[in-house]
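Asker: Sequence:
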Amino acid sequence: MRIKIINPNTTQSFTDALQKLADTVARPDTEILAVSPASGPASIESFYDEALSVPGVLEEIAKGDSEEHIDAYVLACFGDPGLYAARELTDKPVLGIAEAAFHMAVMSGACFSVVTTAPRVRFMTEHLVSRYGFGEQCKNIRTTPMRVLDLATSPDAAIAKVIAECERAKTEDHAEAIVLGCAGMSQYREYIEQQIGIPVIDGTVAAVKLCEAMVDMKLGTSKVLTFSWPRPDMAPQGRQLNIA
Numbered sequence: 001m002r003i004k005i006i007n008p009n010t011t012q013s014f015t016d017a018l019q020k021l022a023d024t025v026a027r028p029d030t031e032i033l034a035v036s037p038a039s040g041p042a043s044i045e046s047f048y049d050e051a052l053s054v055p056g057v058l059e060e061i062a063k064g065d066s067e068e069h070i071d072a073y074v075l076a077c078f079g080d081p082g083l084y085a086a087r088e089l090t091d092k093p094v095l096g097i098a099e100a101a102f103h104m105a106v107m108s109g110a111c112f113s114v115v116t117t118a119p120r121v122r123f124m125t126e127h128l129v130s131r132y133g134f135g136e137q138c139k140n141i142r143t144t145p146m147r148v149l150d151l152a153t154s155p156d157a158a159i160a161k162v163i164a165e166c167e168r169a170k171t172e173d174h175a176e177a178i179v180l181g182c183a184g185m186s187q188y189r190e191y192i193e194q195q196i197g198i199p200v201i202d203g204t205v206a207a208v209k210l211c212e213a214m215v216d217m218k219l220g221t222s223k224v225l226t227f228s229w230p231r232p233d234m235a236p237q238g239r240q241l242n243i244a
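If you read the sequence shown in the UniProt record's numbering, its first letter stands for residue 1, the second for the next number, and so on.
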């Protein structure tokens, strides 16, 4: 099978790290294609950034169905930008890393805390927790005094801040698992888990493994109502939609 990981920002180092990570966890018969859109924000840290990223995400979904023979998609930004719109464009599985991580977290422990980046994204994360129905299991959303790009430019200092918040979540929130609230943290998941001693869930890995399971089970995106196809003339940049 072929799984396309779409990094909605344009920072290539993040995309390369996602490719490397996914290659290590995917099955031997799974091919991973990690991409960034041709245009969009360098990082996503606000609703404005998120809105700017969505057209590029939708273009990559349309291209995956029409040209690349993709079996499933992962949106590798913790805001899950354009997730529901992307599901309208394809009948293949499309998973956001936040949604995937929350599901994995509640199967790893009775409750979890999210450790994410700058304080500005707190409300965005609260919205996701509420939208996906995990309000009772999510004990806290902990932000860190850093920007997303710090994970690329100063990773050691950034991850030290993440680990410190994870420790506080463990002792103060009584969290039984940690969800990493940024795809830029993905490659450090195993190290963070070793340092804090409780399950740490990275949404990229969770989404890749769930995509494999869904493809094996022949589960796609339901087209009966909510995620039915958009009008053909509304395909990104005039692309013809592959509507059965």
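Derived from the structure by calculation, the hints contain no laboratory data. This one's a predicted model, so the numbers in the text were calculated from it and none came from an experiment. Be careful, since some hints might not be right.
As the list claims (entries may be wrong) - Taking CB as the label site, the calculated pair distances span:
(1) 154 to 68: 32 to 38 angstroms
(2) 229 to 130: 23 to 29 angstroms
(3) 51 to 122: 16 to 22 angstroms
Stated by the list, open to error - When the alpha-carbon atoms are kept at most 20 angstroms apart in a straight line, the in silico SDA-like pairs for lysine to any residue are as follows:
(4) 139 to 150
(5) 209 to 223
(6) 170 to 197
(7) 139 to 119
(8) 139 to 157
(9) 218 to 31
(10) 170 to 143
From the three backbone atoms N, C-alpha and C, an ideal C-beta is built for every residue, glycine too.
Asker: Are there hints from earlier that the structure breaks, and if so, what are their numbers?
Answerer: 4, 5, 8
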